[in-house]
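*Asks:* Residues per chain, in single letters:
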Amino acid sequence: MNARPRTLFDKVWDAHVVLRREDGTSLLWVDRHLVHEGSHHAFAKLAERGLPVAEPSLTIGVVDHYAPTRDRDRIGDPDIARMIRTLEDNTTGHGIRCFGMRDPRQGIVHVMGPEQGLTLPGLLINCGDSHTSTHGAFGALAFGIGATEVAHVLATQTIWQKRPKTMRITVTGQLGPSVTAKDLALFWIAQLGADGARGHAIEYAGPVVEDLSMEGRMTLCNLSIEGGARCGMVAPDEVTFAYVEGRPFAPKGADWDRAIADWRALASDAGAVFDREVTLDGAEIAPTVTWGTSPEEALPITANLPDPARLEGARADQTRAAMDYMGLVPGQQIQGTPVDQVFIGSCTNGRIEDLRLAAAVLAGRKAKVPGLVSPGSALVKAQAEREGLDRIFIDAGLEWVDAGCSMCVGMNGDLVAAGKRCASSTNRNFKGRQGRGARTHLMSPAMVAAAAVTGMLTDVRPLLDGRV
Amino acid sequence: MAGFSMIAGPAIALAQDNIDTDQLIPARFMSVPRKDGYGPYLLHDLRFDSAGAPRAQMPLNRHADVQILVTRRNFGTGSSREAAVYALVDFGIKAVIAPSFGDIFASNAVNNGLLPARLAEQQIEDLIDRLGEGVADMRVDLDRCEIRFGNEVLGFDLDPIWRLKLLNGWDDIDMTASHGPAIAAFRTARMQKAPYAMLAGAE
Numbered sequence: 029m030n031a032r033p034r035t036l037f038d039k040v041w042d043a044h045v046v047l048r049r050e051d052g053t054s055l056l057w058v059d060r061h062l063v064h065e066g067s068h069h070a071f072a073k074l075a076e077r078g079l080p081v082a083e084p085s086l087t088i089g090v091v092d093h094y095a096p097t098r099d100r101d102r103i104g105d106p107d108i109a110r111m112i113r114t115l116e117d118n119t120t121g122h123g124i125r126c127f128g129m130r131d132p133r134q135g136i137v138h139v140m141g142p143e144q145g146l147t148l149p150g151l152l153i154n155c156g157d158s159h160t161s162t163h164g165a166f167g168a169l170a171f172g173i174g175a176t177e178v179a180h181v182l183a184t185q186t187i188w189q190k191r192p193k194t195m196r197i198t199v200t201g202q203l204g205p206s207v208t209a210k211d212l213a214l215f216w217i218a219q220l221g222a223d224g225a226r227g228h229a230i231e232y233a234g235p236v237v238e239d240l241s242m243e244g245r246m247t248l249c250n251l252s253i254e255g256g257a258r259c260g261m262v263a264p265d266e267v268t269f270a271y272v273e274g275r276p277f278a279p280k281g282a283d284w285d286r287a288i289a290d291w292r293a294l295a296s297d298a299g300a301v302f303d304r305e306v307t308l309d310g311a312e313i314a315p316t317v318t319w320g321t322s323p324e325e326a327l328p329i330t331a332n333l334p335d336p337a338r339l340e341g342a343r344a345d346q347t348r349a350a351m352d353y354m355g356l357v358p359g360q361q362i363q364g365t366p367v368d369q370v371f372i373g374s375c376t377n378g379r380i381e382d383l384r385l386a387a388a389v390l391a392g393r394k395a396k397v398p399g400l401v402s403p404g405s406a407l408v409k410a411q412a413e414r415e416g417l418d419r420i421f422i423d424a425g426l427e428w429v430d431a432g433c434s435m436c437v438g439m440n441g442d443l444v445a446a447g448k449r450c451a452s453s454t455n456r457n458f459k460g461r462q463g464r465g466a467r468t469h470l471m472s473p474a475m476v477a478a479a480a481v482t483g484m485l486t487d488v489r490p491l492l493d494g495r496v
Numbered sequence: 102m103a104g105f106s107m108i109a110g111p112a113i114a115l116a117q118d119n120i121d122t123d124q125l126i127p128a129r130f131m132s133v134p135r136k137d138g139y140g141p142y143l144l145h146d147l148r149f150d151s152a153g154a155p156r157a158q159m160p161l162n163r164h165a166d167v168q169i170l171v172t173r174r175n176f177g178t179g180s181s182r183e184a185a186v187y188a189l190v191d192f193g194i195k196a197v198i199a200p201s202f203g204d205i206f207a208s209n210a211v212n213n214g215l216l217p218a219r220l221a222e223q224q225i226e227d228l229i230d231r232l233g234e235g236v237a238d239m240r241v242d243l244d245r246c247e248i249r250f251g252n253e254v255l256g257f258d259l260d261p262i263w264r265l266k267l268l269n270g271w272d273d274i275d276m277t278a279s280h281g282p283a284i285a286a287f288r289t290a291r292m293q294k295a296p297y298a299m300l301a302g303a304e
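Going down the list, the sequences are from chains A and B.
Residues 29 to 496 in our numbering are what the first sequence lists, from first letter to last.
Residues 102 to 304 in our numbering are what the second sequence lists, from first letter to last.
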């Protein structure tokens, strides 16, 4: 019937088109809608119109953005308490399942969804959060939306979208020792720019991507938005199925067999044409850190900082402004830059594999600077504690706290003070992201652990040598 | 939301690229209900020093009633927070002119009647040079997709669907209301084709 070879994106998109308007915009069915405290504007819009939630059973709430990471029984800040209560009231009022503060499954929405088996291959997933791209790691079409769109999904279980262009990033060869999905993501964003994939749906492919664990694929897809992409996807394979099987909300029995058969057919057809193709060599990627105030301002840890005097026009202005904000000296080595503190966590790098790698660096060592470790979910926290990772972090001198978005976005009060420099496993080094005047360097959890041990930005490779 | 076809008012330049939504509205102000207004928080940490005093050199602090912002590439990148658009709209901004926008930001803008108009990078640099740190009247004609500045007329890019939405003040929920039967039919078909896509409630 349809002889034209199709991409993974095409197949998932096509399966969700309710109708296509003459102007080319499509109305898409939404299989899973995830909401959090920040969704209060959307619920308020619904209330203004007196509309019900169309599909409460396909809507799932979780407390993450404002979740306190300590002393949860006594929330001191009335604004934070109100934000959490508002979500719990809105979800209860509309009959929506919500993983609240005391639920053992509470966690960051993009960690919880996959963990619970709510995220499945071939689904269309929306959430009012840009890092919804994370779920594309399973071969789902997952993208972040704004509050007006969240209200629309709540009211209709559909969303109007223009079809994005397609782009394949193929990563050949293999990654070097201690080089992770985080480094790969920062590498391509530095190459193509923070708007390098604007208007595109990315498919990540090639041997390096196939070799990544689900955790690594989630990190990679999570950061798609930092390169401007609408979403990032990886074709589901045996690694995907092994992760999903047996999860609480994953299909079971005959449903599972049928699902697997469908999911195997999702991979891009041979000969499928992408609007854009980019090929990277995995062997060229070093442990990478950001030095500026956009994720595109990233370099190998072995490199020197740029010099705005050698640049022109807007680029020179941007570099000068970023250097100034970050308190760095043009042309100097990045390695050796002293840090004031570290943070390990977030929807980008708060999963068990991330904590294991950071712990491998920290085991038997002491951190020279203070730091916070916030697991991506209560279940990740419990798993880490079963493995004794909490003891490694605590013995190294870091603080081991509860799950949430925490210091990645600072809404819960976990902030970096003005002028302080933080080595962070998060996703955004924007001005003021971790707190007003805070200086953020993005890197892998292993690199954060290395910064903790040495008190400065450091190449993790010698520290991990022989340990993993 | 009312549609519009013309914006005529004071324009200023913000000569920065990658102005992200975290800068447009810092996270700490986002628990405010919409009815309280987001205008005071627009670009808060650029406009005010750490003691809360307005920075005199910041163009948004020097000129009242600004309606049009001219800025560099990738404006509104980052977080999907629609509050970034609320801050612009509540401050009185009606159009942002840049070489490119974050995708989610641009959708949010159109859903709130804020025009994200695209010009080529060189055209933007020329406008930034001419505006400097000052203010000047500009006209944005949405019907013709033209910017009039001095004697110059510049054609801008805007998705045709977004143009219609802004011209007519269309609201997506209203537009979808007439498609109820198609959605219901799709739901039934989806349940048959992919039963695992529905959630039985696996407690």
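Because the hints were derived from the structure by calculation, they are not lab data.
Mixed in with the good hints there might be a few duds.
To be verified - Below, computed lysine-lysine pairings styled on DSSO-like, alpha-carbon distance capped at 27 Å:
| id | chain 1 | residue 1 | chain 2 | residue 2 |
| --- | --- | --- | --- | --- |
| 1 | A | Lys280 | B | Lys294 |
| 2 | A | Lys193 | A | Lys280 |
| 3 | B | Lys136 | B | Lys195 |
| 4 | A | Lys73 | B | Lys195 |
| 5 | A | Lys448 | A | Lys396 |
| 6 | B | Lys136 | A | Lys190 |
| 7 | A | Lys73 | B | Lys136 |
| 8 | A | Lys73 | A | Lys193 |
| 9 | B | Lys294 | A | Lys190 |
To be verified - Beyond 10 Å from chain B on every Cβ pair, some chain A residues (computed):
| id | residue |
| --- | --- |
| 10 | Pro80 |
| 11 | Ile108 |
| 12 | Asp283 |
| 13 | Ala446 |
Stated by the list, open to error - A partial selection of chain B residues facing chain A, derived with a Cβ cut-off under 7 Å:
| id | residue |
| --- | --- |
| 14 | Asn175 |
| 15 | Ser180 |
| 16 | Arg249 |
| 17 | Thr277 |
Cβ atoms here follow ideal geometry from the backbone N, Cα and C, with glycine treated the same way.
*Asks:* It remains to establish, for every hint, whether it holds in the given structure.
*Replies:* Results for each hint:
1. A:Lys280 <-> B:Lys294: holds (16 Å)
2. A:Lys193 <-> A:Lys280: violated (35 Å)
3. B:Lys136 <-> B:Lys195: holds (19 Å)
4. A:Lys73 <-> B:Lys195: holds (22 Å)
5. A:Lys448 <-> A:Lys396: holds (15 Å)
6. B:Lys136 <-> A:Lys190: Violated. Lys136 of chain B to Lys190 of chain A sits at ~30 Å, over the 27 Å cutoff.
7. A:Lys73 <-> B:Lys136: The hint holds at about 11 Å.
8. A:Lys73 <-> A:Lys193: violated (31 Å)
9. B:Lys294 <-> A:Lys190: holds (24 Å)
10. Pro80: The claim holds: Pro80 of chain A sits with its nearest Cβ about 13 Å from chain B, beyond 10 Å.
11. Ile108: violated (8 Å)
12. Asp283: Contrary to the label, Asp283 of chain A does not stay out of reach of chain B, its closest Cβ about 5 Å off (not over 10 Å).
13. Ala446: violated (7 Å)
14. Asn175: holds (4 Å)
15. Ser180: holds (5 Å)
16. Arg249: Arg249 of chain B check fails; min Cβ-Cβ to chain A is 25 Å, beyond 7 Å.
17. Thr277: Holds - the Cβ of Thr277 of chain B comes within 7 Å of chain A, reaching about 5 Å at its closest.
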